[in-house]
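Enquirer: Chain by chain, the residues run as shown.
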Amino acid sequence: MDLTGLLGFNVLVGIGTLALITVGLGVIYGMMKIINLAHGEFMMLGAYATYVSTAHGINIWIAMLVISPLFVGLVGLVVERTLIRFLYGRMIDTMLATWGLSLGLIGLMTSIFGNDPRGVSTPLHSFAIGRYDASLYGIVIILAACASLIGLFAMLRMTRFGLIVRATMQNPNMAAALGVAPPRIYMATFALGAALAGLAGGVLAPISGVSPVMGAAFIAKAFITVLGGGAAIVTGTALASTIFGFINEIVSFKTTPVIGEVALLLAAVVMIRILPQGITGRFLRRSL
Amino acid sequence: MKTLKIARPRPTGGATGFITVVVIGIALLLGLPSIFSTFGLLQMTVFAAMAIFALSQGFIWGFGGILCFGQSAFLGLGGYAYAVAALNMTDTTGAVALAILVPMVFAAGLGYFMFYGRISDAYIGVITLTVTIILFNLINSTSGDIYHIGAAPLGGFNGIPSVPPINIPGDPNDQLDPTGLWYAAMGALILCYIFLKWVLGTRFGRVVVAIRENETRSQLLGYDPRLYKLLTFVIGAGIAGLAGCLYTNWGAFISPTVFNLTMSAQVIIYVLVGGLGTLIGPILGAIAIQYLIVLAGGQHVIDPNLLLGVVLIAFVLLVPQGVVPVIRAGASRLLGSRRAPAAANMVTADALPHSSAQQEPGQ
Amino acid sequence: MSVPLLEAQGVTMRFGGVSAVADVNFVLGEVELRCLIGPNGAGKSTFFKILTGQLRPTEGVIRFRGQDITGAHPHVIARLGVGIKTQVPNVFNGLTVREGIGIAAGRRKSLKRARQIVDETMELLQLTPIAGMPVGQLAHGQRQWVEIATVLAQEPDLILLDEPAAGMTHEEVLRTSELIRMINQKQALVVVEHDMQFIRMIAKTVTVFNRGRILIENTVDAVLADPEVRDVYLGKQTH
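Protein chains in written order, with the numbering used here: chain A, 1 to 288; chain B, 1001 to 1363; chain C, 2001 to 2239.
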């Protein structure tokens, strides 16, 4: 019973983690149909922002939840203006350029901080599920994931900006004819996606350790979850994260974390084969 | 209708280009051992292996239109297949054969899964990337004595050391020394170049290129694109496997890093820089980038990743066709054609079917 | 009663709530020449896509010489002997004229025979002077001819031409009509066109499409004199 409880909790944390790392990539993909291969490095920048902030005495919650997203959002803005906007419509070129960006960012951070992983201490401790100890921090992750998805949904549904974003997603020319400047929207969306990646990096920093190459561990999972989820940003991310996260945790529990990760990737590859447009390409197509 | 003489850069370089390349190749093959020390020769050997790796990517991407982000999977499978087989057999000839065959079989399965599953071109990049990461994860976790194939321990992240070098077929005691390995590697490079050039001239090769040019039209003429892509993919995997075998021989060692993202990124950079849609381009791109990495590794001013990243971005933005087509275009302009060769003949990464060339994002 | 070359029964194509093609019945005999006309969006090109396997119809059956080809892969249908010049040009831009036609001619034929077909086809369409030019650099009218040549080199028994005269000069249109009549000596053709003069030059039987359905099928004179057809083109018909 306790074990089930622990497992259940771990599954939720796993799903939450996956959702958290995916949502930023999903925003960019859902909006502009480009695949940002530097997403893992945006997370890495967020993690470093948290590390540097806490090293300078700033409260860890502020560092994670405010500074990291803002910083990486700004970086995203700059990247969009200087690189991405020349490549719209060129999906393959965008993938290649963002891959170059990813390498460049890794190199840059290695030059500044060196190779050694840095640590950010977990601000919370463990709590008990029956006989087992679970990390309270897992709850933070779950909350952060939920907040991201719900916040995104609310923004898209209830704000004027969200309406403009949805309109531009569906028909940029029409939106332009109605007075919206699509390039501005793309810029804002890319920055938003980057900020969400920064948030994910900050929140996960205490767990994963901070090093220039940490992004590589996330990019494949995030990538494949976005494609598995399909075009609907919120629903797609939520559904895909749930399915893949569940598989990941269960298999990890029965075997090893590495095998669990492999299972996630394999499941996603199979899913894309069966549903090439992702889950929300077939089900819940009109959702956000 | 007037006839306009236009010098078109032929993607396959034409007969004179081909012969020039082969002659230069043979000259280097025979001449380099006299010029370089053993260390230098070893350096050249890995350049040759990477050039073969680049050829495999350049073939399936530039001519087949297959965007594989995980070609390092086949490099690694070839490398590991050789290592495991060589440690288990006395004569390495079988090991070399396996280094080529194992990736081909794997590619056949993966290719069938992808091409017969109506997965779009961009997704092929994602799936192949994921596969190489899966392989990395799996092999990386095989430390410990229980993970072994016959006499070969898989070694996990430590890799497999002391891999026996290639021996002359039939004589297990006559193993290749560095000079011999150079001959093998450079010889393999020249042979692969000739082989691919030949393939592109066959009916099969022409159809492969036609499918890349216009898949719909090819289908409407009765060709099954899935089969042609599958075969192209398998051929590419075999060549990458051969590169992997040579790579293992170079260091007498193989480790899971051969499957990592950097390896996958590097081969794409080789092809992009050298010239997508040519055979000589990837070879030159591989040598240039490898040389750049060696130079960059020796100094401590610029991080190699940073350098590679900047190069990749610069090429995507500024020189998307790569160096060789630009040089060829410049040369034909100089040699007196009336009009500059059209961009229609230059293959850029996005001039592939199914990618939206001039669409708004989000459509 | 011999088996018709092409037979479509109850063919319907729905995209979401819209029926691009609705309950179409169509029969074509061997070596027959048929013209398809109708306003834009009437479903003609969609019908062609269904015939060539590029789209799978929501309902209905298509038979080629009695064989059910509904939803078959395009390359399978092409091998049975169906060739199509598509509305949006589908040519090999990076290949030369000769190379592109060679791809069409070369499937399952000896090298010698293939070369022969290529030379003959180029000669027929007067493409020999530009045989070495990359197709992507040709003018629009020339590219149309290259595409037609490519389809002919396939040696199909049924040729679908979707707007072959589009963007052509008057002389080119005349040449195309002569060409079609010549092809029709041995091969069946279905031609979609908007140019009524062109239709008059080549047509015997005309099928009129409107809003996904077949409105009327008759001789060219009867169709062009029909007031309902005229209304459809002038937009007076609401149904």
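Because the hints were derived from the structure by calculation, they are not lab data.
Some hints could be false.
Claimed, not checked - Quick look at which bits of chain B chain C covers, simulated, 3 or more residues with Cβ under 8 Å: (1) 1048 to 1056; (2) 1198 to 1208; (3) 1213 to 1219.
To be verified - Cross-link-like lysine-lysine pairs, in silico, DSS-like; alpha carbons within 30 Å at most: (4) K2186(C) with K2109(C); (5) K2112(C) with K2186(C); (6) K2112(C) with K1197(B); (7) K2204(C) with K2186(C); (8) K2109(C) with K1197(B).
What the hints assert, rightly or not - What the simulated footprint calls covered on chain A by chain B, stretch by stretch (three residues with Cβ under 8 Å from a Cβ of chain B suffice, anywhere in the stretch; the number is not a length): (9) 15 to 26; (10) 72 to 83; (11) 88 to 96; (12) 217 to 224.
All figures in this text were calculated on a predicted structure; none of them were measured in a lab.
No residue lacks a Cβ here, since even glycine has one placed at the ideal position from N, Cα and C.
Enquirer: A separate judgement is required for each hint: does it hold in the structure or not?
Expert: Verification of the supplied hints:
1. Only when three residues or more bring their CB closer than 8 Å to a CB of chain C does the claim for the stretch 1048 to 1056 of chain B stand; here the count is 0, and the claim is violated.
2. Under the rule that three or more residues need a Cβ within less than 8 Å of chain C, the assignment of the stretch 1198 to 1208 of chain B holds, with 3 such residues.
3. With 6 residues carrying a beta carbon less than 8 Å from a beta carbon of chain C, the stretch 1213 to 1219 of chain B meets the three-residue requirement, and the given coverage holds.
4. Taken as a hint, the K2186(C) and K2109(C) pair is honoured in the structure, with Cα atoms around 20 Å apart against an allowance of 30 Å.
5. Distance hint between K2112(C) and K2186(C) is fulfilled; the C-alpha atoms sit about 23 Å from each other, no more than 30 Å.
6. Using a Cα cut-off of 30 Å, the hinted pair K2112(C) and K1197(B) holds, with the two alpha carbons roughly 22 Å apart.
7. At roughly 16 Å between alpha-carbon atoms, K2204(C) and K2186(C) fall within 30 Å of each other, so this suggested pair holds.
8. Straight-line distance between C-alpha atoms of K2109(C) and K1197(B) comes to about 23 Å, which keeps the hinted pair within the 30 Å bound.
9. For the stretch 15 to 26 of chain A, the proposed coverage by chain B is not satisfied: 0 residues have a C-beta within less than 8 Å of a C-beta in that chain, short of the threshold of three.
10. Residues of the stretch 72 to 83 of chain A lying with their CB closer than 8 Å to a CB of chain B number 1, which falls below the three-residue condition for coverage.
11. Counting residues of the stretch 88 to 96 of chain A whose CB falls under 8 Å from any CB of chain B gives 8; the rule of at least 3 is met.
12. Counting residues of the stretch 217 to 224 of chain A whose beta carbon lies closer than 8 Å to any beta carbon of chain B gives 4, which meets the minimum of three for the stated coverage.
Hints 1, 9, 10 from the earlier list are contradicted by this structure; the remaining hints agree with it.
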